[in-house]
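Chemist: Letter by letter, the chains look like this.
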Amino acid sequence: MKKEKHTVHPYIPNSVPAVKSQMLKEVGAKSVEDFFEDVPEKLRLKKDMNLPKPFLSEYSLKKHVEAILSRNKTCQEYLNFLGAGCWQHYVPAVCDEVNQRGEFLTAYAGEPYDDHGRWQALFECASMMGELLNMDVVNVPTYDWLQAAATSIRMASRITNRREAFVSRTISADKLSKIRDYCKPETSIKILDYDSESGQVDLNLLKDKISSKTAAVYFENPSYLGSIEIHGDEISEIAHNHGALSIVGVDPISLGILAPPIEYGADIVCGDLQPFGMHMQFGGGHAGFIATRDEEKYVMEYPSRLFGIAPTSVEGEYGFGDVAYERTSFAVREECKEFIGTAAALWGITAGVYLALMGPQGIQEIGENIMQRSHYAMLQLSKIKGVKCPVFRSTHFKEFVVNFDDTGKTVAEINNALLKHKIFGGKDLTKEFPELGNSALYCVTEIHTKNDIGRLVDSLKEAVK
Amino acid sequence: MKDITKKRYTDGKPKLRRFHQARWDEPVIFELSREGERGILLPEVEDEVKDAVGDVLSTIPEVMRRKKPPKLPELCQSRVLRHYVRLSQETLGTDFNIDVGQGTCTMKYSPKVNEQLARMPQITEIHPLQDEETVQGILEVMYKFEQFLKEISGLYQFSVQPAAGSQGIYANASIIRAYHEARGEADQRREMITTIFSHPSDAACAKTAGFKVITLYPDEDGYPDLEALKAAVSERTAGLMITNPEDTGIFNPKIVEFVQVIHEAGGLCSYDEANANGILGITNAGKAGFDLCHFNLHKTFSSPHGCGGPAVGAIGVTKELAKFLPVPVIEFDGSKYHLNYDRPESIGKIRAFYGVAPVVLKAYAWTMSLGAKGLKEVAEIAVLNNNYLLTKLLKIRGISAPYAKGKRRIEQVRYSLEKLTRDTGVHSEEFGLRAADFGVHYWTSHHPWVVPEPCTLEPTESYSKADLDEYIEIMRRVSNEAYSNPELVKTAPHNSTIHKIDTTPFDDPSQWAMTWRAYRKKVAKEK
Chain A
1 MKKEKHTVHP YIPNSVPAVK SQMLKEVGAK SVEDFFEDVP EKLRLKKDMN
51 LPKPFLSEYS LKKHVEAILS RNKTCQEYLN FLGAGCWQHY VPAVCDEVNQ
101 RGEFLTAYAG EPYDDHGRWQ ALFECASMMG ELLNMDVVNV PTYDWLQAAA
151 TSIRMASRIT NRREAFVSRT ISADKLSKIR DYCKPETSIK ILDYDSESGQ
201 VDLNLLKDKI SSKTAAVYFE NPSYLGSIEI HGDEISEIAH NHGALSIVGV
251 DPISLGILAP PIEYGADIVC GDLQPFGMHM QFGGGHAGFI ATRDEEKYVM
301 EYPSRLFGIA PTSVEGEYGF GDVAYERTSF AVREECKEFI GTAAALWGIT
351 AGVYLALMGP QGIQEIGENI MQRSHYAMLQ LSKIKGVKCP VFRSTHFKEF
401 VVNFDDTGKT VAEINNALLK HKIFGGKDLT KEFPELGNSA LYCVTEIHTK
451 NDIGRLVDSL KEAVK
Chain B
466 MKDITKKRYT DGKPKLRRFH QARWDEPVIF ELSREGERGI LLPEVEDEVK
516 DAVGDVLSTI PEVMRRKKPP KLPELCQSRV LRHYVRLSQE TLGTDFNIDV
566 GQGTCTMKYS PKVNEQLARM PQITEIHPLQ DEETVQGILE VMYKFEQFLK
616 EISGLYQFSV QPAAGSQGIY ANASIIRAYH EARGEADQRR EMITTIFSHP
666 SDAACAKTAG FKVITLYPDE DGYPDLEALK AAVSERTAGL MITNPEDTGI
716 FNPKIVEFVQ VIHEAGGLCS YDEANANGIL GITNAGKAGF DLCHFNLHKT
766 FSSPHGCGGP AVGAIGVTKE LAKFLPVPVI EFDGSKYHLN YDRPESIGKI
816 RAFYGVAPVV LKAYAWTMSL GAKGLKEVAE IAVLNNNYLL TKLLKIRGIS
866 APYAKGKRRI EQVRYSLEKL TRDTGVHSEE FGLRAADFGV HYWTSHHPWV
916 VPEPCTLEPT ESYSKADLDE YIEIMRRVSN EAYSNPELVK TAPHNSTIHK
966 IDTTPFDDPS QWAMTWRAYR KKVAKEK
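Line order of the protein sequences matches chains A and B.
So for the first sequence, our numbering puts the first residue at 1; every next one is plus one.
So for the second sequence, our numbering puts the first residue at 466; every next one is plus one.
Misleading hints may appear alongside valid ones.
[As the list claims (entries may be wrong)] Going by beta-carbon spacing under 7 Å, a handful of chain A positions derived as facing chain B: (1) 126; (2) 280; (3) 343; (4) 364; (5) 433; (6) 437.
Since the hints were derived computationally from the structure, they do not count as laboratory data.
What you are looking at is a predicted structure, and each value in this text was computed from that prediction instead of being measured.
Glycine is no exception: its CB is placed at the ideal position from the N, C-alpha and C atoms.
Can you make the complete structure from the sequences, with help from the hints?
Modeler: Shown next, in the form of structure tokens:
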């Protein structure tokens, strides 16, 4: 029988036969089988696993993967108006340059000495977010806004020692699903309906329902459906009057022009860093933040890592480290508040780069820029016969609901027609918000030019005909 | 000319590297701010657009308008870049160190070609809500990778949605909760069992999902204790969440019995495969009868760790539990890939959209570069490397490997420096900071320290014998220093970016500062 040729794999240096046998000899083993003596025979896999034949050469591997990925159509080739929690903003080149550096890309959990740069970069991200939010404590990022919102609600439950929270209905169905699953052991979730005219929280309903059992009221600004909530201070006041906390979820890219939620009474603020320098990546670019005031009763309820600044033994030198580490599950296992682990640090570093590039002027300008373009888009879309845009009487930031009831077409039909024009139309809301009829959520950002919007309008005119 | 090669400071032969980490004394970014500088400009809004919409900011009700601009730093673009490149240089990435010191983290080589692929616009520039027809490529990658995991684990169906190992463990705890709810036993089955040498997240995620946690301690030889398990199970048992091999590197030879005991009590068994690197192709969760498992794609499957994410904790379950997996699940009808949300018994969403697609892509590419034989070789060489390191390190004064005397270990070893500490007064943590002076990581262990003065090392398949020999030489050197000049070790690091941190502010609410603004207020007393 012909002996199979052994290939030394580039990722496995000690598979060189001579090295392998020398090492076996040095450890006194006959073969690698010796190392698995504790694995009972009946548990051993007797055959090779049934996996595809590998591409051993880097070239053929690359060709193989590229061929699969070529079946994706990108938002560079197509004109994209989808948002709904993942937004197409411009990613400055420096953001990519920093997050592809091997030092950051491949570091993990080193000490505040050997990984000093990682600690400083994440402290700075929290610090810049702190300026944007006017809040003194910001966590090392968690997975995404879904997680950040769910954790914020559980934090509020622990802080108030209450087990019920109101959540505005104008959040995404996905986020509500996450909140319901994650909060189950600690907080029961009640839905707060919205005012059908404005798309904002129904204050009267809140006044009726809130009680001394309420831990928190969670709402978003701008809402998932795009309305800017103008009664933030009243919502917070109602919450506070009942001993509950006000939790606000924000799209942070709006905060150059919109008031930071602490100004209208928010106790906990959360959101997603994805707009700050992360490509969409099919939803892979998310990182959630949570922010509060610097009060012990708040700080001690974070499950997250919190990086703090401290002196070192050398004058004039900054050091960083974990604040109140004993809170975390790394330190105390099940005695923790909630679990902590690997999350989205690289995106936190990147968001810091983004904010440093934007500065106070850039962050203000991008807010205005987005509003100008989205308002222009709303204006143009509203001129199309049968199209109602925006659906809500309210000020919008970058997203808005478009209704097609009077066109006699479904959103799916319209989006299919747009696809033929190489346009990704807005997110179909018919399942999530059936009361809105044939409506879609459109997103316009700083990347959409007048011509892009013109193309959408022309294509829509044809689609609704 | 003298022969320079004879006295090089390279790999311990004859001398260790004269490493010194970058020290830029880089200010906190706010200190670099210069009024008026700009890092990037925005695409200009066309006049027609501006004219059509007028003063949009005035449409924002007064109460909702930002009054004062945020105090972000103002920097030119090159200064931002320089700052972050310097900070990166002050970060010890796996790309340039012999990263066997971060045990349990599986710090293997992350192939550059996979990073290139993950940064193609065909993945970075796709929106998760695009029409399915336009994302068939990435859905194929995710679907096929889930098929690989089925084969590797022996379980029935996978979801790559959880965004890291801990979130995967949490999702599995949530599925266990849903299973007992569906059987009407949720109120009764409130206890989750784990072992002390399983990752803290097995305990912490179970607690987060609402369970009471029972932690088993090992028998005298360091093996998970079957008798202790038998004493712990009851009609209140919801399940078992454990690592195997455990963080000690010891494989539980009675794992089948463990699973049986839990099953007989009506519970489910969830396998934390954080340490799967040493058992790929050797054994799997299905063989031992597990109901659920999770893999860390950023560990076992080579995706880079990113300073702590983005990551993926792929979860797998049996056929009976498949209906509880998070939505959507990816399906294939023979010609098209499809996202199915119509799963009424699902636990719902765990993470936004479908998880971290670029990480799945890197794991897919890595698996496709190795195949079945390659994966098994990964395990075999990782284990060989670990046992080689073990053999050599045990010859170093003051280092021992408690438990399972004379036995082999799988993927890593939890060592103890107890003797060294007793002899010299040098603690494991201090030992590690001195090791860092030679350009490597060294990790003690999660708490509680059941093994006294612990140190957990995991060499993976990525490092050559020469690499391991260099790491061993560093350990030997630091041990020698501890015995000959303990003060040198206790005052380390000496070659690091910074010196010994005064950690007192971190636990003092009047001093701790988690943002620059808090620091300026509390310490610099600025208004």
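Chemist: Against this structure, judge whether each hint is valid.
Modeler: Quick rundown of the hints versus the structure:
Because the beta carbon of residue 126(A) sits about 5 Å from the nearest beta carbon in chain B, less than 7 Å, this interface hint is met. Among the interface hints, the one on residue 280(A) holds; its C-beta lies about 5 Å from the nearest C-beta in chain B, closer than the 7 Å criterion. Satisfaction of the interface hint for residue 343(A) is found here, the shortest Cβ-Cβ separation to chain B being roughly 4 Å, below the 7 Å cut-off. Among the interface hints, the one on residue 364(A) holds; its C-beta lies about 6 Å from the nearest C-beta in chain B, closer than the 7 Å criterion.
Hint status for residue 433(A) relative to chain B: violated, with the closest Cβ pair at about 15 Å, above 7 Å. A hinted interface residue such as residue 437(A) counts as satisfied when its beta carbon comes closer than 7 Å to some beta carbon of chain B; here the least separation is about 19 Å, so the hint is violated.
Checked against the numbered hints above, the structure violates hints 5, 6; every other hint is satisfied.
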